[in-house]
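Asks: Each chain, written out:
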Amino acid sequence: MEELGKIHQLVVTAFGYELRFNLEVISWTWIVIICLLIFGYIAKRNRSIVPGIFQNIGELFIEQFYGLTEDALDKRLARKYAPLICALFMFLLFCNILGIFPHLGEPTSDLNTTLSMGIMGFVIAHYVGIREKGFKAYIKAYFQPIFFMMPLNVIGELSKVISISFRLFGNIMGGDIIVLVVSYLTLSLVLPPFLIGFFFIFIGAIQAFVFTMLTLVYISVQVK
Amino acid sequence: MAIEGAELVKAASLLGAGLAMGLGAIGPGVGEGLVGSKACEAIGKNPGEAGLLTRTMLVGQAVSESTGIYSLVVALLLLFVV
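Top line first, the protein sequences correspond to chains A and B.
Position 58, counted from 1, in the first sequence is what my numbering calls 58; the numbers after and before it change by one each time, with no gaps.
Position 59, counted from 1, in the second sequence is what my numbering calls 59; the numbers after and before it change by one each time, with no gaps.
Just so you know, not all the hints are guaranteed correct.
[Said to hold, decoys possible] Label-pair ranges, simulated between beta-carbon atoms:
id	chain 1	residue 1	chain 2	residue 2	range
1	B	80	A	10	13 to 23 Å
2	B	14	A	11	29 to 39 Å
3	B	26	A	193	28 to 38 Å
4	B	7	A	19	28 to 38 Å
5	A	24	B	14	24 to 34 Å
6	A	154	B	34	22 to 32 Å
7	A	134	B	12	45 to 55 Å
8	B	56	A	53	25 to 35 Å
[Said to hold, decoys possible] Among the chain B residues that face chain A by a calculated CB cut under 8 Å, a handful are:
id	residue
9	58
10	59
11	62
12	63
13	66
14	69
15	70
16	72
17	73
Since the hints were derived computationally from the structure, they do not count as laboratory data.
Glycine included, every Cβ here is placed at the ideal spot set by N, Cα and C.
When you get a sec, could you build the whole thing from the sequences and use the hints?
Replies: As structure tokens, this is what we get:
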């Protein structure tokens, strides 16, 4: 079990700083992005009243998440932010399922990916809050119950980023480690396929959905 | 042979990892069980809404699981970083 915790890094020294790139994670992320682009192209190529299989899958995603966004926000905001929510879910789902292929891993088992997704959701939620309520009402929300609750509110907002990104990272990384550890035991041909099916597909889909729903909830909390 | 120095630190970190994982898994276990039992009650009362209830239950369980995941991250840090 020597390879546990080891990652390939490209270290570039520039202006006295060391820049570290996780090359594997970057290439996996690009694989996911290219797969999504190809899927989108195939889904919209032959549009018709009777949908083909790829158009059907695409319509399924969009219909479900449009409905969820419309429930959480109102109709006008849903037109604007449903594409974001849908794209976030599809990206995370493809990321979590990429681990079932040999020699590939999940980009989400690196903290950098999940933390950047969490920070993106945080920034978007606060941008939407300032844009919809106005700057004054946005600042006022921090002093909500009484005046000196402000530091607690700020810490609560910041801890949302930590909790949402560590949840996804921990679930995917924990699944990876459990599969790796069980693979070294006996019955290594029998058990790991079922564990991979459970951890990578089931847990991956649920965690992608939870991440998306929590980002949506953070946006709707800022709007109301 | 006495255990001292770096070995003591390694032993303490292994012990700490086990304690963190074992104690940290109590809360999420109780919480997920409560969510599951309440969802079963609700589906029994209102079987028509089973899809919505199952979805809400899964999201609630995944959220209440997060403290267990934090303890997992702490245990991994203790195992592989310290």
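Asks: Please verify that hint: residue 63 of chain B, Cβ, nearest Cβ of chain A, below 8 Å or not.
Replies: Since chain A brings a Cβ to about 7 Å from residue 63 of chain B, closer than 8 Å, the hint holds.
Asks: Minimum Cβ distance from residue 73 of chain B to chain A below 8 Å?
Replies: holds (5 Å)
Asks: Should the hint that residue 62 of chain B touches chain A count as held when the rule is a Cβ pair under 8 Å?
Replies: Holds: closest Cβ of chain A sits about 4 Å from residue 62 of chain B, inside 8 Å.
Asks: Could you say whether the range 29 to 39 Å given as a hint is met by the Cβ separation of residue 14 of chain B and residue 11 of chain A?
Replies: holds (30 Å)
Asks: Measuring from the C-beta of residue 72 of chain B to each C-beta in chain A, is the shortest one below 8 Å?
Replies: holds (5 Å)
Asks: Please test the hint of 24 to 34 Å on the beta carbon pair from residue 24 of chain A and residue 14 of chain B.
Replies: holds (28 Å)
Asks: Just tell me: holds or violated, for the beta carbon distance of residue 80 of chain B and residue 10 of chain A against 13 to 23 Å?
Replies: With Cβ atoms ~22 Å apart, the hint holds.
Asks: Does the interface hint hold: is residue 59 of chain B within less than 8 Å of chain A, judged Cβ to Cβ?
Replies: holds (6 Å)
Asks: Could one say that the CB atoms of residue 7 of chain B and residue 19 of chain A fall in the range 28 to 38 Å?
Replies: holds (36 Å)
Asks: Have a go at the residue 66 of chain B hint: is there a Cβ in chain A nearer than 8 Å to its own Cβ?
Replies: Cβ of residue 66 of chain B sits 5 Å from chain A, so the hint holds.
Asks: Taking the least C-beta to C-beta distance, is residue 70 of chain B closer than 8 Å to chain A?
Replies: Cβ of residue 70 of chain B sits 6 Å from chain A, so the hint holds.
Asks: Any CB of chain A closer than 8 Å to the CB of residue 58 of chain B?
Replies: holds (6 Å)
The structure fails none of the hints (numbered hints given earlier).
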